Amino acid sequence: MSKIETKNLDLFYGTFQALIDVDLVIKEKMITALIGPSGCGKSTLLRALNRMNDLIDGVKVTGKVLIDGKNIYEPGTDLVELRKKVGMVFQRPNPFPLSVFDNIAYGPRTHGLKDRGKLGEIVERFLSRVQLWDVLKDRLEDSALDLSLEQQQRLCIARLVAVMPDVVLMDEPCSALDPLATQRIEELMFELKKDYTILIVTHNMQQAARVSDWTGFMLLGKLVEYGETKQVFTNPQEKQTEEYITGRYG
Amino acid sequence: MRRFKEFIIEKIILLSGFACILFVILIFFFLAKDGLALFKFSSPWNFLFGTLWSPLSEPPQIGILPLFLGSLIVTIGAAVISVPLGMACAIFIAEIAPKWMREILKAGVELLAAIPSIVIGFIGMTMLSPIVKHIFHLPTGLTALTGSIALAFMAIPTMVSIMEDSISSVPRIYKEGSLALGATHWQTIYRVIIPAASSGIVAAIMLGIGRVIGETMAVMMLTGNASVMPHTILAPVRTMTATIAAEMGETVRGSEHYFALFAIGLVLFGITFLINFLADMARHRKNK
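Chains as they are written, first to last, in this note's numbering: chain A, 1 to 250; chain B, 251 to 538.
Note that these hints are calculated values from the structure, not bench results.
Just so we're clear, the structure is a prediction, and the values are computed from it rather than from any experiment.
You may find that some hints are simply not true.
Stated by the list, open to error - Some but not every residue of chain A turned toward chain B, in silico, with C-beta under 7 Å:
| hint | residue |
| --- | --- |
| 1 | N53 |
| 2 | V80 |
| 3 | R83 |
| 4 | K84 |
| 5 | G87 |
| 6 | M88 |
| 7 | F90 |
| 8 | N94 |
| 9 | F96 |
| 10 | P97 |
| 11 | G112 |
| 12 | V163 |
Beta carbons: idealized from backbone N, C-alpha and C, even for Gly.
Model the full structure from these sequences, guided by the hints.
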């Protein structure tokens, strides 16, 4: 089942074209990795999928992004609904300067839940989901900024899945973490794959090879190659892909 | 040679730094010397809590409670008006206004700060006080409320520029994080951005209030200068600052009255010092 489809997607920052005619089909409940050198447009592509690029001045998008068959760039699209469905985890862990509890409860509260008891259940459930409950159950009122970076990133993931999205976009979620923490976040991603469609942008090719089912290689705004991860890494069809993954480029 | 130059410059900078502190200390001692001399004539209790300010009667009545309450009422009134307005303005400038409008508004707010207080007093006297008089059917338009309104406009620029700075400096990732969870722009502002900027916002409010308490000219023109115990915000009041300004020229050097005015100065100094201190605490407080 395809969850997300982009069709002839072009994106401009002012006059600079950051995405060139990107056609991509993303399968449901799989992990898809986007790799490529810095500035190739992989983060831009990711941010085009929940329209986070709208926050930047001078962005222009043409083409289509279909999510569950609906074009999200159609006029009148409800951005709040879109972002509830397509959530995002950022490169630097960005817990809000609030307590652990308030961070997890943020999404549900934002969407209208007020009952303290129900919020408590949600906090427990989603902290457990990211294996933080046992560590943090006595520290729920502590500031989230006092946690370790790995815990912060887990918290951000929990905060996101507490909104019950379908799609989780991850923009280099491990680049601020040490290798052990990275490994544990990757395990978490495997665990989350059962319920969510995950897209991850990564600099780290090993990471893409380890965690993803599908891989897209981007270069200078173009999606050069897209296929099953095993095939892309062992038998790339394009010369540029081969050069990149063998370290001769980028 | 270069070493020497470096040395000299460093020392000059050091000296300038100390000079500032030295001036503050000198001013404080000067105030304290003449202010505390009052207590040869009268007790601190009578000075602080006496309800009658009539320094020219015989014997002189030196009680600053009516003046203190006058300052308090005007200040609270100004805060009630300026805090919500200033916050709304800062949020609009920092978060909502398009770029071109932001620049214009910021310049406008800075210009508001540059208006001399006498001009605000003048406008208040000719425009504002008749309106207040008319709306509340008062015998005079020169009331604590009139002063509060005018002072609110003097506090707003200070508040807005500091609040706007602290709101703008909230890390972008907080805003993105919130929007990416499906929060609306407004939810993002009041649930994440304002809490994250709260220390700066509190500092801004404190500094704005500090400005209001110390302001003299406009309040002298607008509050009616009646040194009686105020019962409502619609009554004429007299503030501590206005009292000093109005009476200093007419008092005999070395008299009880003279020392009393210095003692008021000392109280004002104490209050503004406290407020600045609290503002500083708020500003440097680590986010919870």
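Now the hints, each set against the structure:
{"no.": "1", "hint": "N53", "verdict": "11 Å, violated"}
{"no.": "2", "hint": "V80", "verdict": "5 Å, holds"}
{"no.": "3", "hint": "R83", "verdict": "4 Å, holds"}
{"no.": "4", "hint": "K84", "verdict": "3 Å, holds"}
{"no.": "5", "hint": "G87", "verdict": "6 Å, holds"}
{"no.": "6", "hint": "M88", "verdict": "4 Å, holds"}
{"no.": "7", "hint": "F90", "verdict": "6 Å, holds"}
{"no.": "8", "hint": "N94", "verdict": "4 Å, holds"}
{"no.": "9", "hint": "F96", "verdict": "5 Å, holds"}
{"no.": "10", "hint": "P97", "verdict": "4 Å, holds"}
{"no.": "11", "hint": "G112", "verdict": "11 Å, violated"}
{"no.": "12", "hint": "V163", "verdict": "5 Å, holds"}
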